[in-house]
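*Asks:* Sequence:
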Amino acid sequence: MSARVPEGTVATTTSHCPYCALNCGLGLATDADQRLVGQVRWKESPLTAGALCSKGSSAWQQVQHAERIVRPLVRRDGELVETDWDEALDLAAGGFERIRRDHGADANAVLSGGSLTNEKAYLVGKFARLALGTRHVDYNGRFCMVAAGKAHAAAFGLDRAMPPLSEVEHAEVIVVVGANLSDAFPVMLPKAISTARRNGARIVVVDPRFGRWVADDDLRLAVRPGTDGVLFTALLAEIARQGLLDTDYIERRTTGFDETIAAARTVSLDDVERHCDVAADDVRELARLLGTASQAMILHARGPEQQIAGTNNVLAMINVALAVGLPGRPGCGIDMLTGQRNGQGGREWGQRCNQLPAGRSIADADHREIVARRWGVAPSELPGVGATYTQILDLAGNGVVKGLLSISNNMSVSAPDLHRVDGQMDALDHVVVIDPFLSEAAERHADIVLPGSTFAEEEGTVTTSEGRVVRCDQAVAPVPGRADIDVLRLLAERLDVGRHFAFERGRDVFDEMRAVSAGGPNDYAGISWERARDGVFWPCPDADHPG
Numbered sequence: 001m002s003a004r005v006p007e008g009t010v011a012t013t014t015s016h017c018p019y020c021a022l023n024c025g026l027g028l029a030t031d032a033d034q035r036l037v038g039q040v041r042w043k044e045s046p047l048t049a050g051a052l053c054s055k056g057s058s059a060w061q062q063v064q065h066a067e068r069i070v071r072p073l074v075r076r077d078g079e080l081v082e083t084d085w086d087e088a089l090d091l092a093a094g095g096f097e098r099i100r101r102d103h104g105a106d107a108n109a110v111l112s113g114g115s116l117t118n119e120k121a122y123l124v125g126k127f128a129r130l131a132l133g134t135r136h137v138d139y140n141g142r143f144c145m146v147a148a149g150k151a152h153a154a155a156f157g158l159d160r161a162m163p164p165l166s167e168v169e170h171a172e173v174i175v176v177v178g179a180n181l182s183d184a185f186p187v188m189l190p191k192a193i194s195t196a197r198r199n200g201a202r203i204v205v206v207d208p209r210f211g212r213w214v215a216d217d218d219l220r221l222a223v224r225p226g227t228d229g230v231l232f233t234a235l236l237a238e239i240a241r242q243g244l245l246d247t248d249y250i251e252r253r254t255t256g257f258d259e260t261i262a263a264a265r266t267v268s269l270d271d272v273e274r275h276c277d278v279a280a281d282d283v284r285e286l287a288r289l290l291g292t293a294s295q296a297m298i299l300h301a302r303g304p305e306q307q308i309a310g311t312n313n314v315l316a317m318i319n320v321a322l323a324v325g326l327p328g329r330p331g332c333g334i335d336m337l338t339g340q341r342n343g344q345g346g347r348e349w350g351q352r353c354n355q356l357p358a359g360r361s362i363a364d365a366d367h368r369e370i371v372a373r374r375w376g377v378a379p380s381e382l383p384g385v386g387a388t389y390t391q392i393l394d395l396a397g398n399g400v401v402k403g404l405l406s407i408s409n410n411m412s413v414s415a416p417d418l419h420r421v422d423g424q425m426d427a428l429d430h431v432v433v434i435d436p437f438l439s440e441a442a443e444r445h446a447d448i449v450l451p452g453s454t455f456a457e458e459e460g461t462v463t464t465s466e467g468r469v470v471r472c473d474q475a476v477a478p479v480p481g482r483a484d485i486d487v488l489r490l491l492a493e494r495l496d497v498g499r500h501f502a503f504e505r506g507r508d509v510f511d512e513m514r515a516v517s518a519g520g521p522n523d524y525a526g527i528s529w530e531r532a533r534d535g536v537f538w539p540c541p542d543a544d545h546p547g
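When the letters of the sequence shown are read in order and numbered with this note's numbering, they come out as residues 1 to 547.
Among the hints, a few may not be true.
Simulated crosslink set (BS3-like; lysine-lysine; CA at most 27 Å straight-line) [as the list claims (entries may be wrong)]:
1) K55 / K43
2) K191 / K55
3) K150 / K43
Hints listed in this document are in silico derivations from the structure and should not be mistaken for laboratory results.
Here the structure is a predicted model, which means the values were calculated and not measured.
Kindly generate the complete structure, drawing on both the sequences and the hints.
*Replies:* Written out as structure tokens, the structure is:
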């Protein structure tokens, strides 16, 4: 820890920035009254050595911001007014219990956000299934990372980026698809790419528009929106045409190549020029670069993913990476660039409609039996696959879902087709929002608002874009008097399932998560609370495993 510490500071705590999925480390400085007074640089931070963007450098100011919700709110005569915690919690739990009694468990639903710690994401999914008994739980990562995660899971068996992002600066060729690095990753990736440029790397940008980070001599492919899959399918065929396939790698480490290349050969470079607005010579050049480089990386983000064919777009890129033998070699590979603070961990810990904790499937009988046993319930008590985020809103608008718990999520701003969202939310009988600030959704639609905690007021873990599990320490007590973990526990107690949520601290939840994950697809079992301080990659099945 080193920096100019504000006068009067008596303590510093290490944490991680609450904004993007690089989770840059930061130190939080407190005074004698245990109030945050600033941030200091934590040079031991994995990946970024303590560097912060403008949002990260002012993150501490949100904790004591004048617009924080510090007392629960209930709606009376159309207005949200302050009340005490007991009344707000009683009303919140009572509304869910009434709806379940009158309309069934699936008349309640839960929607959450990608900024939650792993522990809160885990508790949200557990709360939906054990406290409310509903199958309808999902999170706003449905709009960004699900397509990419599905493609990577299909190709590699794991929903996570593979090579550490520190490998980028060692690559000879870097292909960036649909990512404005100067805006979305202002700390790490432009710096890494600048280092690679100085080392002589060739940068290729596939994007309808080019951000500030793009240099004049980069190879620019201004692809027409929605045609990424066409481009990369034709690229695969062109790599084969030039004789640049890594045939040994393909034979030893892939399946289904013959069918894939046969399909790719049906897309010509004329098709690319006609449909993608990309010159055939540029495709030929990209094929040559990828096929001849000893080290190459492909990085993709929301551009190709947030489309109807997003999963197929990503699979087309993965096929190219496999065809030239990138995954599994130093300075090589294909990575998805996660956006939200815990977009990676958020989709690992069971807050999705089709998922149980640690990447297990809620539709798999063996997975259900394992999680149910470790939770101390019968598999029959776990609901089945539920509705996705947008489907939950549709069910609300149709009167099927009547009660909604929303945590760190603002559908009035982030959900698709905003012209319909207000009507869908207005159709609900009971809306409970947990958030540190009064969002548009809470202000317009909430019956009860429970103050949420910020990143500095709770301990937990997040999983970076790379799959690195890092610990966040609590710097100050929650301004509203209760952290989100406390709120979920107190609601669960009122719903008569408090025994499943008897956690006082994030590390207590983390210990249960490790036990639940053991032997699963996303195995955290060997990552102790102490080891997570410096960051450990999963899978890490035991204490001796390096991660």
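*Asks:* Hint by hint, note whether the structure agrees.
*Replies:* Evaluated hints:
no., hint, result
1, K55 / K43, "18 Å, holds"
2, K191 / K55, "17 Å, holds"
3, K150 / K43, "35 Å, violated"
Going through the hint list in order, the structure does not satisfy hint 3, though it satisfies all others.
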